[in-house]
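**Student:** Keeping their order, the protein sequence lines are chains A and B.
Sequential numbering from 14 applies to the first sequence in the numbering used here.
Sequential numbering from 14 applies to the second sequence in the numbering used here.
Do not take every clue at face value.
As the list claims (entries may be wrong) - Label pairs and their computed distance ranges (CB to CB):
#1 A:G317 <-> B:E84: 52 to 60 Å
#2 B:R31 <-> A:G317: 50 to 58 Å
#3 B:Q354 <-> A:D158: 51 to 59 Å
#4 A:V309 <-> B:D42: 53 to 61 Å
#5 A:S288 <-> B:K351: 49 to 57 Å
#6 B:D291 <-> A:S190: 47 to 55 Å
#7 A:D158 <-> B:E118: 27 to 35 Å
#8 B:F353 <-> A:G159: 43 to 51 Å
#9 A:G308 <-> B:T30: 49 to 57 Å
#10 A:E343 <-> B:R31: 47 to 55 Å
#11 B:S307 <-> A:K135: 38 to 46 Å
#12 A:G317 <-> B:F353: 47 to 55 Å
#13 B:V314 <-> A:A143: 33 to 41 Å
To be verified - Below, simulated SDA-like cross-link-like pairs (lysine to any residue); rule was C-alpha separation at most 25 Å, straight line:
#14 A:K187 <-> B:V352
#15 A:K52 <-> A:R329
#16 A:K147 <-> A:E78
#17 A:K191 <-> B:G317
#18 A:K187 <-> B:V316
#19 A:K15 <-> B:K52
#20 B:K15 <-> A:V314
#21 A:K15 <-> B:A143
#22 B:K191 <-> A:K127
#23 A:K187 <-> B:E292
#24 A:K187 <-> B:I219
#25 B:K338 <-> B:V316
#26 A:K15 <-> B:V316
#27 B:K52 <-> B:E292
#28 A:K191 <-> B:V316
#29 B:K191 <-> A:D122
#30 A:K127 <-> A:K187
#31 B:K191 <-> A:G317
#32 B:K187 <-> A:K127
#33 A:K136 <-> A:D122
#34 B:K187 <-> A:A319
#35 B:K187 <-> A:V316
#36 B:K15 <-> A:V316
#37 A:K187 <-> B:K187
#38 B:K351 <-> B:A143
#39 B:K187 <-> A:V314
Bear in mind the hints are in silico, worked out from the structure with no lab data behind them.
We treat Cβ as the ideally placed atom computed from N, Cα and C, and that holds for glycine.
Read off the chains here:
Protein chains: 2
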Amino acid sequence: MKAIEWVSGKIRLIDQTRLPWEMVFLELDDYREVASAIKEMQIRGAPAIGIAAAYGMALGAQGIEAASKEEFTAKLRPVSETLSATRPTAVNLFKALERMNRVAEAGEDVARIKEALLAEAKKLEEENEAANRKLSTYGAELIRDGFTIMTHCNTGALATAGYGTALGVIRAAKEQSKAVHVFVSETRPLLQGARLTTWELAQYGIPFTLIADTMTGHFLSRGRIDCVIVGADRIAANGDVANKIGTYNLAVLARENGVPFYVAAPTSSIDLSLSSGDEIPIEERGAEEVTHVSGVPIAPVGVGVANPAFDITPHRYISAIITEKGIIREPYVERLRKVFQG
Amino acid sequence: MKAIEWVSGKIRLIDQTRLPWEMVFLELDDYREVASAIKEMQIRGAPAIGIAAAYGMALGAQGIEAASKEEFTAKLRPVSETLSATRPTAVNLFKALERMNRVAEAGEDVARIKEALLAEAKKLEEENEAANRKLSTYGAELIRDGFTIMTHCNTGALATAGYGTALGVIRAAKEQSKAVHVFVSETRPLLQGARLTTWELAQYGIPFTLIADTMTGHFLSRGRIDCVIVGADRIAANGDVANKIGTYNLAVLARENGVPFYVAAPTSSIDLSLSSGDEIPIEERGAEEVTHVSGVPIAPVGVGVANPAFDITPHRYISAIITEKGIIREPYVERLRKVFQG
Numbered sequence: 014m015k016a017i018e019w020v021s022g023k024i025r026l027i028d029q030t031r032l033p034w035e036m037v038f039l040e041l042d043d044y045r046e047v048a049s050a051i052k053e054m055q056i057r058g059a060p061a062i063g064i065a066a067a068y069g070m071a072l073g074a075q076g077i078e079a080a081s082k083e084e085f086t087a088k089l090r091p092v093s094e095t096l097s098a099t100r101p102t103a104v105n106l107f108k109a110l111e112r113m114n115r116v117a118e119a120g121e122d123v124a125r126i127k128e129a130l131l132a133e134a135k136k137l138e139e140e141n142e143a144a145n146r147k148l149s150t151y152g153a154e155l156i157r158d159g160f161t162i163m164t165h166c167n168t169g170a171l172a173t174a175g176y177g178t179a180l181g182v183i184r185a186a187k188e189q190s191k192a193v194h195v196f197v198s199e200t201r202p203l204l205q206g207a208r209l210t211t212w213e214l215a216q217y218g219i220p221f222t223l224i225a226d227t228m229t230g231h232f233l234s235r236g237r238i239d240c241v242i243v244g245a246d247r248i249a250a251n252g253d254v255a256n257k258i259g260t261y262n263l264a265v266l267a268r269e270n271g272v273p274f275y276v277a278a279p280t281s282s283i284d285l286s287l288s289s290g291d292e293i294p295i296e297e298r299g300a301e302e303v304t305h306v307s308g309v310p311i312a313p314v315g316v317g318v319a320n321p322a323f324d325i326t327p328h329r330y331i332s333a334i335i336t337e338k339g340i341i342r343e344p345y346v347e348r349l350r351k352v353f354q355g
Numbered sequence: 014m015k016a017i018e019w020v021s022g023k024i025r026l027i028d029q030t031r032l033p034w035e036m037v038f039l040e041l042d043d044y045r046e047v048a049s050a051i052k053e054m055q056i057r058g059a060p061a062i063g064i065a066a067a068y069g070m071a072l073g074a075q076g077i078e079a080a081s082k083e084e085f086t087a088k089l090r091p092v093s094e095t096l097s098a099t100r101p102t103a104v105n106l107f108k109a110l111e112r113m114n115r116v117a118e119a120g121e122d123v124a125r126i127k128e129a130l131l132a133e134a135k136k137l138e139e140e141n142e143a144a145n146r147k148l149s150t151y152g153a154e155l156i157r158d159g160f161t162i163m164t165h166c167n168t169g170a171l172a173t174a175g176y177g178t179a180l181g182v183i184r185a186a187k188e189q190s191k192a193v194h195v196f197v198s199e200t201r202p203l204l205q206g207a208r209l210t211t212w213e214l215a216q217y218g219i220p221f222t223l224i225a226d227t228m229t230g231h232f233l234s235r236g237r238i239d240c241v242i243v244g245a246d247r248i249a250a251n252g253d254v255a256n257k258i259g260t261y262n263l264a265v266l267a268r269e270n271g272v273p274f275y276v277a278a279p280t281s282s283i284d285l286s287l288s289s290g291d292e293i294p295i296e297e298r299g300a301e302e303v304t305h306v307s308g309v310p311i312a313p314v315g316v317g318v319a320n321p322a323f324d325i326t327p328h329r330y331i332s333a334i335i336t337e338k339g340i341i342r343e344p345y346v347e348r349l350r351k352v353f354q355g
């Protein structure tokens, strides 16, 4: 299962808003459709939206008619800007677009730049899947046979180029023949845990228990959970983590109950340009995500709503950050910097 | 607005499963219907289900034909047992039934016992509303002008004989002309916050912001919340509190962020027979409450689910317990005992 793929000159992706009920593939041949798919969360997950943006650039480039590199570059700018303006929190999107823009600048003629952009997007996809497999193998060292693991949102194949991050760690543990059981928090408002993580776990044959987000502390306090693993949308230089709203709740509740709290993410989610999580922009999404579930209202019409899509977990709550370059622990500032130097 | 009332020999209650969309009154003339309404949460909230059980006893008593007190008492037993077997966590239910059974035992002839049972149920209703108004006045002393208050589940008029407990405190603050703003957590799985608390607050003209349960820590960590107030389904002798699932999450997150965490409840919710929260039975409800929202599925068919309806908040997280006999702080063991002696 691939969340996103380049197939015969088009981007094919699974419409994740319709899972787990229908498997609908979207075939996109216009970069504006890609931007819209990211914004509407038909494709979501920090690594996956980075790849979608990269392919969106390749798609946009293909549609450009230009007599010179200068004309081409000028016409590529709105493509990059449109894709950039979709979602603000996950850094993978911006890093992917930067890489693509560098490739365009380095190229010589229009035809070759178009080829190079597509090749770069494919490379980014392959790199992400390889990074996920590697970090998952590292992370699985932290999982013992018989562990019960709590996770949040969806961090599996659907959220990435393949295999997954936090869910990848759980898959790798299972592939090492360790018995694992997963507590899946449903992850309101958009229910990625209830809809997507349960659907993936069922496919991998990994047993799980779905719970409402209100129930996380109850099970953490009863000694039922051996560790918590989540993904990341952006990691600041000091190890603070932006991730799906509700992650901070889990981190505090885990520490209060002596349960290790791990973040699994490729280094492409690390943003050394920000010194702490305070600088990470938090996306505010529409009210109807809170007031409705699958289109059905759950509150009186017109109520006042807040809908921050992410929260910041300060690094002091994080037992370790699992990357494809190894498992990183405190002091995060030095060790995260080293990862990029090494 | 009365959640429950005795009207012309019947129990009239608002079907809370249909709020805020429809105001449907149920008129019940069979105690088994009352038991079913409690079990299905058409009436809910610890004080309200105590009153429903008391009126259920009065209703059951009216239907008994008996030639002697002994025959009457024997026929009343299954009424009490049926009402008792509805929900295990809130102690108000069991205390109300005990009171009603004592009245039945103390009575002399069948006709007078029937009258006395109805009078006792009415008294219980009046006592609860008076207790709520009194505890709300005490509690409002803790609320300053301009406070933003986070609350969970529904603890208003709908959950009680009238006025409310945690929501009563907020109403009393507003009636003292203090400006308040309420953050309402939606309270999955059954969404009492999103459906009922928003609906009540709108009627009282109190401004509020509805959030998903995942967002509580985010706002607590950003200095947006001045205090948290919740209700209680049962308070043990040491001050541990059983309340709607998700309460423990809020208590831990509040303390972590230096935000006072208050529990507002009438003394009828205190159970001195249990030394700690570990002894309070936690109701486990059906899987479909987690897998569905308003009848709409939110997860794949047949997934494994846990659905504890309550959690335990250890007393060390509780800044104060607000009762009609005053505001109680640590050490809870002594001070809670004193309340019952005084």
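**Student:** Holds or violated: A:K191 and B:V316, Cα atoms, limit 25 Å.
**Tutor:** 22 Å, holds
**Student:** Taken at face value, is the distance from the CA of A:V316 to the CA of B:K15 at most 25 Å?
**Tutor:** With a Cα-Cα distance of about 23 Å, the restraint between B:K15 and A:V316 holds, given a limit of 25 Å.
**Student:** Under the criterion that the straight-line Cα-Cα distance not exceed 25 Å, is the pair B:K187, A:V316 satisfied?
**Tutor:** Given that 25 Å is the threshold and the Cα spacing comes to 19 Å, the pair holds.
**Student:** B:K187 and A:V314 were given as a pair; does the straight-line alpha-carbon distance stay at or below 25 Å?
**Tutor:** 23 Å, holds
**Student:** Are B:K52 and B:E292 close enough, with their CA atoms no more than 25 Å apart?
**Tutor:** The given pair, whose Cα atoms are some 22 Å apart, holds under the 25 Å limit.
**Student:** Do B:Q354 and A:D158 keep their Cβ atoms within the hinted range of 51 to 59 Å?
**Tutor:** For A:D158 against B:Q354, whose Cβ atoms are near 54 Å apart, the range 51 to 59 Å holds.
**Student:** B:F353 and A:G159, beta-carbon distance inside 43 to 51 Å?
**Tutor:** Once the Cβ atoms are compared, 46 Å apart, the range 43 to 51 Å for A:G159 and B:F353 holds.
**Student:** Hint check: A:K187 vs B:V316, CA-CA at most 25 Å. Holds or violated?
**Tutor:** 19 Å, holds
**Student:** Does the Cβ pair A:D158, B:E118 satisfy 27 to 35 Å?
**Tutor:** For A:D158 and B:E118 the Cβ distance comes to about 58 Å; the hint is violated.
**Student:** Are the Cα atoms of B:K338 and B:V316 separated by 25 Å or less?
**Tutor:** 46 Å, violated
**Student:** Going straight from one Cα to the other, do A:K15 and B:K52 come out at no more than 25 Å?
**Tutor:** Roughly 45 Å separates the two Cα atoms, so the pair is violated.
**Student:** Compare the distance between the alpha carbons of A:K136 and A:D122 with 25 Å, and conclude whether the hinted pair is satisfied.
**Tutor:** 20 Å, holds
Going down the numbered hints, you'll see the structure goes against 2, 4, 6, 7, 9, 12, 14, 15, 16, 19, 21, 22, 23, 24, 25, 29, 30, 32, 37, while the others check out.
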